[in-house]
Every structure is written in structure tokens, then in C-alpha cells.
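> Below are the chains, spelled out letter by letter.
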Amino acid sequence: KNEVEQSPQNLTAQEGEFITINCSYSVGISALHWLQQHPGGGIVSLFMLSSGKKKHGRLIATINIQEKHSSLHITASHPRDSAVYICAVWDTGNQFYFGTGTSLTVIP
Amino acid sequence: KAGVTQTPRYLIKTRGQQVTLSCSPISGHRSVSWYQQTPGQGLQFLFEYFSETQRNKGNFPGRFSGRQFSNSRSEMNVSTLELGDSALYLCASSLWQGSEETQYFGPGTRLLVL
Numbered sequence: 001k002n003e004v005e006q007s008p009q010n011l012t013a014q015e016g017e018f019i020t021i022n023c024s025y026s027v028g029i030s031a032l033h034w035l036q037q038h039p040g041g042g043i044v045s046l047f048m049l050s051s052g053k054k055k056h057g058r059l060i061a062t063i064n065i066q067e068k069h070s071s072l073h074i075t076a077s078h079p080r081d082s083a084v085y086i087c088a089v090w091d092t093g094n095q096f097y098f099g100t101g102t103s104l105t106v107i108p
Numbered sequence: 001k002a003g004v005t006q007t008p009r010y011l012i013k014t015r016g017q018q019v020t021l022s023c024s025p026i027s028g029h030r031s032v033s034w035y036q037q038t039p040g041q042g043l044q045f046l047f048e049y050f051s052e053t054q055r056n057k058g059n060f061p062g063r064f065s066g067r068q069f070s071n072s073r074s075e076m077n078v079s080t081l082e083l084g085d086s087a088l089y090l091c092a093s094s095l096w097q098g099s100e101e102t103q104y105f106g107p108g109t110r111l112l113v114l
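As they're listed, the protein sequences go chains V and G. If you read the first sequence in the numbering used here, its first letter stands for residue 1, the second for the next number, and so on. If you read the second sequence in the numbering used here, its first letter stands for residue 1, the second for the next number, and so on.
You may find that some hints are simply not true.
Said to hold, decoys possible - Chain G stretches covered by chain V per the calculated footprint, using a threshold of three residues with CB under 8 Å from any CB of chain V:
no.: 1; segment: 33-46
no.: 2; segment: 95-101
no.: 3; segment: 104-114
To be verified - In the SDA-like style, the derived pairs of lysine to any residue whose C-alpha atoms are separated by at most 20 Å in a straight line are:
no.: 4; chain 1: V; residue 1: 53; chain 2: V; residue 2: 22
no.: 5; chain 1: V; residue 1: 55; chain 2: G; residue 2: 57
no.: 6; chain 1: G; residue 1: 57; chain 2: V; residue 2: 27
no.: 7; chain 1: V; residue 1: 55; chain 2: G; residue 2: 100
no.: 8; chain 1: V; residue 1: 54; chain 2: G; residue 2: 101
no.: 9; chain 1: G; residue 1: 57; chain 2: V; residue 2: 97
Hints were generated in silico from the structure; no laboratory data involved. As the structure is a prediction and not an experimental result, all values here were calculated from the model. Glycine is no exception: its CB is placed at the ideal position from the N, C-alpha and C atoms.
Chain V extracted, bound-state conformation (with noise of 0.2 Å):
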């Protein structure tokens, strides 16, 4: 049992494009972390949603607490944007759950 989900696995975008990356989780939560990890293994934290949606730069996140569900967007992708995406979930018994990850790969 997956209490985070995440769709896709893998992505291919042409540089430019806009790219969207869904979390669905199953637990009740008091926050969300998107989460970026490179292809030498270092993690950057992007964001921490509990509610709304949130913008940096060319990167939005939106959560929908009904639905369970949460979008990372990237717009107009460039080829350094090229990672594995994480959603990561605080429940509301402190438990951290991870989803699998999206690959990304933005090709020039």
C-alpha cells in the first residue's frame, strides 16, 4: 500500500514546454513536501504546501486538501530542470511518507 502516489514515472518535455507532475496521497496530512533530487543524489527542497498553491520562479504548486491531490508545474521547461521530482507527505500521526518520484528529462 502506497500512501503517496505519483504520475507520471517518467516524463520527456522538449524544452519550453509546460510540465505538470500530479501527487495523490491517502492519508490525512499537515503538509505537503515537494522535493527535487538530482542525478548525483543531492535533494533540494522546492516547497511546503498545507494549503493554496505557491509560485518560485518558473516552478507552481497547488494543493487541493479535499481532493488529496497536489500539481508541481514547471513552466517553459529548460533542460536544467532535469531531475526526479518528489512528493512527500507529513501525516497526522508524523509519519513522512515518499512517493516513487517522477523522472524528468527536458530535452533542448
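Use these hints to put chain G onto chain V, whose structure you have.
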């Protein structure tokens, strides 16, 4: 400010041995979390420490333990190593600004158990 540092970066052990990994958080960060990443299971939460107290714990056996010191540095110990403990172990320190948390991840310690 220096980032999160983890030592050692690579480690090879044999089954049955024990190992201690170290994590130094960003200066001023009081929360340190540990994670295990494997190709099969992905990322999994081990535990979180705040001000020397374990605040949250994931679903790992008691062979996995940790502690945090008064300077916020944290150590993780795995006793009686098994082959399945081979993984990348990541720690992250957290900055809380109001109700917003930002985690800063270290580069990880890659452990191979033979």
C-alpha cells in the same frame, strides 16, 4: 553559511558489524531528520530530532537508532548490519519560519554492506 555536512561519504561494512554516521546541520538549525534511500524502497523516513529529543520516528527496526547533541549535530547508528541496509543515508536540517519548514539536505552517506 556552510551547508549540511555528512561523514563519511562512503562506507563499506560487512554483515553483523555496526556503523555510525554523522550529520552536522546548518548553523542555527535545531531539527535534524534522517532518511534511507534504496532503489527498491525509494526514500523512507527514519527519525527526526529536535533539541536533542527524538520527535518523530519512522517504521524501522530497533537496530536503527540516533541521537542529537547540544550543538545540534546528530549521529545515526545501525547495529548488526544486514545486506538490505545497503543504501544512501541522507540527513536534512530544517529551518522553520512561522509555520513554514524548509529542509536542507546533506549529500548523503553511501553505505555498502557485504
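> A separate judgement is required for each hint: does it hold in the structure or not?
Hint-by-hint comparison with the structure:
{"no.": "1", "hint": "33-46", "in the structure": "holds (count 5)"}
{"no.": "2", "hint": "95-101", "in the structure": "holds (count 3)"}
{"no.": "3", "hint": "104-114", "in the structure": "holds (count 4)"}
{"no.": "4", "hint": "V:53 <-> V:22", "in the structure": "holds (14 Å)"}
{"no.": "5", "hint": "V:55 <-> G:57", "in the structure": "violated (31 Å)"}
{"no.": "6", "hint": "G:57 <-> V:27", "in the structure": "holds (17 Å)"}
{"no.": "7", "hint": "V:55 <-> G:100", "in the structure": "holds (14 Å)"}
{"no.": "8", "hint": "V:54 <-> G:101", "in the structure": "holds (14 Å)"}
{"no.": "9", "hint": "G:57 <-> V:97", "in the structure": "holds (12 Å)"}
The structure is inconsistent with hint 5 alone, although it conforms to all the rest.
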